[in-house]
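Using the hints provided, position chain Y relative to the given structure of chain S.
Sequence lines, in order, name chains S and Y. Quick note: the first sequence, position 27, residue 27 per this note's numbering, numbers continuous. If you count the second sequence from 1, you need to add 1000 to reach this note's numbering.
You may find that some hints are simply not true.
Unchecked claim - Once the Cα atoms are required to be at most 16 angstroms apart in a straight line, the calculated EDC-like pairs of lysine to aspartate or glutamate come out as:
1) Y:K1053 with S:E20
2) Y:K1002 with Y:D1127
3) Y:K1053 with S:D161
4) Y:K1053 with S:E2
5) Y:K1024 with S:E151
6) Y:K1190 with S:D37
7) Y:K1096 with S:E20
8) S:K42 with Y:D1127
9) S:K42 with Y:D1212
Stated by the list, open to error - Residues from chain S that keep clear of chain Y, each with C-beta distances beyond 12 angstroms, as calculated:
10) E62
11) L64
12) F65
13) C73
14) R97
15) L113
16) F129
17) D146
No wet-lab data here; the hints were simulated from the structure. No residue lacks a Cβ here, since even glycine has one placed at the ideal position from N, Cα and C.
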Amino acid sequence: MEITFTREAKEFRNQIMAVEGAEKLMHCYQCGTCTSDCPIAKRVPEFRPRRIARLAMYGQKERLFEGDLLYLCAGCYTCYEHCPQEVHVSEIVSALRKKALDEGHLLPGFKALMQSVAEMGYIYEIDEFENEMREDDGLPPAPEPDTDGIEAIMAATGFLDKVEASRR
Amino acid sequence: MKYAFFVGCTTLSRLPGYEKSARKVAEKLGVELLDMPGSGCCGTTYLETLDHKTALAMAARNIAIAEEMGLDIVTICNGCTEVLTKTNKELKENPKLKAEVNKVLANAGKEFKGTVEVKHFVFMLRDDVGLDAIKEKMEHRFTGLKVGSHYGCHMLKPAEVMETEDPENPTVMDDLVAATGAEPIEYPNKLECCAGPVMGVRENVTWSVGLDKVKTVKKYGDVLATACPFCYLTFERCQLMQEDESPNLPVVHLPQLLGLALGLDGEEVGLTHNHVDAMGILEKME
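Just chain S, with the same shape it has in the complex (with noise of 0.2 angstroms):
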């Protein structure tokens, strides 16, 4: 893997490890723990938890942006209890995604999801029919969120504009 070590890219590192989590990034030694263990790693050859590391210690920000890379992680946290140098991989590609989104990339799935909170207070509509359906089994009607407090803390940390403004 070639890499070329800018002045930008180091700055690009440093945002990454100045996220809460991400501090320890530079404790990896790349012992490939992480990779062994992760249950996407072993079905899905381009996902290689080991790699997002050494990228990120490298600030190869297009390379770790690239497609659906960042949200192939399932954050199951395995990579986060084995690390032996308590680098927690998952909290490295938590750190990347907002990184990423703060420079206006999400993945359209997320975006939507996102979206659906805020506008519904639940990630699927839970409204009369659903209401029906489960009169019909004898549970009480779903709890109505407070969507308008919901959206207004979402807006409020200008977390909403960001997801609106992003594009892939």
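Just chain Y now, kept in the frame of chain S:
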């Protein structure tokens, strides 16, 4: 015993069998589960990876509702459990962050105080109700039913946040299975993730993970038991996606097994909602 009941979007809209059986089991054991007015999405485990403060505020809004009720929260989704537990812990331990999040929360007219706990249904049963008390109430016993439990990730991990059981050697689900008379089994890769969270990214990866587990459990046991809506959907759907009918392994929500042993009937625990026919387990009861 009384709790604020946080059901979670997926179960509320897709899995009446899970919600029904959990509610009925609680009732049978004298546990009151109260609905949380105004509650909504926990924020999702995805949101945590996209924006820290928004994720905290979304979860804290729900926790604040339970605080207003003066009750600890019981959850039945691993994702919600992790999101709510992590937020609760982080905000209780960090007053500065709590103040920042409360400023955001004020937009929804809520305040996080830090006065309640969050626990998954299975831990509530084992640790608050107690295995002995549960066994005393059993009206039936399963005999010769081998059950493979799937714990999933977020009821246990990250261990330093969840503080429940050793994620390499959990026993809570197996303990509850054993209380019904059924035989809890060990099987290879028992602790592997269901990969449900990448279903929307690359579906085929999730089905591959799901099928591997289903086939393994089929080899060693009769039924797969889950305690999370995403895990359940993965193991059920990966089978329904197959063109032939193999491997045809029943997947049940753990409270369904408990409910049947507590004397509820198949209808009451919502067994007709299981898309891989699970009625066969009724024949293994005495």
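Results of checking the hints against the structure:
1. Y:K1053 with S:E20: holds, 11 angstroms
2. Y:K1002 with Y:D1127: Roughly 14 angstroms separates the two Cα atoms, so the pair holds.
3. Y:K1053 with S:D161: This hinted pair holds, its Cα atoms lying about 14 angstroms apart.
4. Y:K1053 with S:E2: Distance ~36 angstroms between Y:K1053 and S:E2 Cα, so the pair is violated.
5. Y:K1024 with S:E151: violated, 34 angstroms
6. Y:K1190 with S:D37: Distance ~13 angstroms between Y:K1190 and S:D37 Cα, so the pair holds.
7. Y:K1096 with S:E20: At roughly 15 angstroms apart (the allowed maximum being 16 angstroms), S:E20 and Y:K1096 satisfy the hint.
8. S:K42 with Y:D1127: violated, 36 angstroms
9. S:K42 with Y:D1212: holds, 12 angstroms
10. E62: holds, 20 angstroms
11. L64: holds, 14 angstroms
12. F65: holds, 14 angstroms
13. C73: Its Cβ does come within 12 angstroms of chain Y, the nearest being 8 angstroms, so this is violated.
14. R97: violated, 5 angstroms
15. L113: Violated: least Cβ distance 6 angstroms, not greater than 12 angstroms.
16. F129: Not fine: 10 angstroms to the nearest Cβ puts S:F129 too close to chain Y.
17. D146: violated, 5 angstroms
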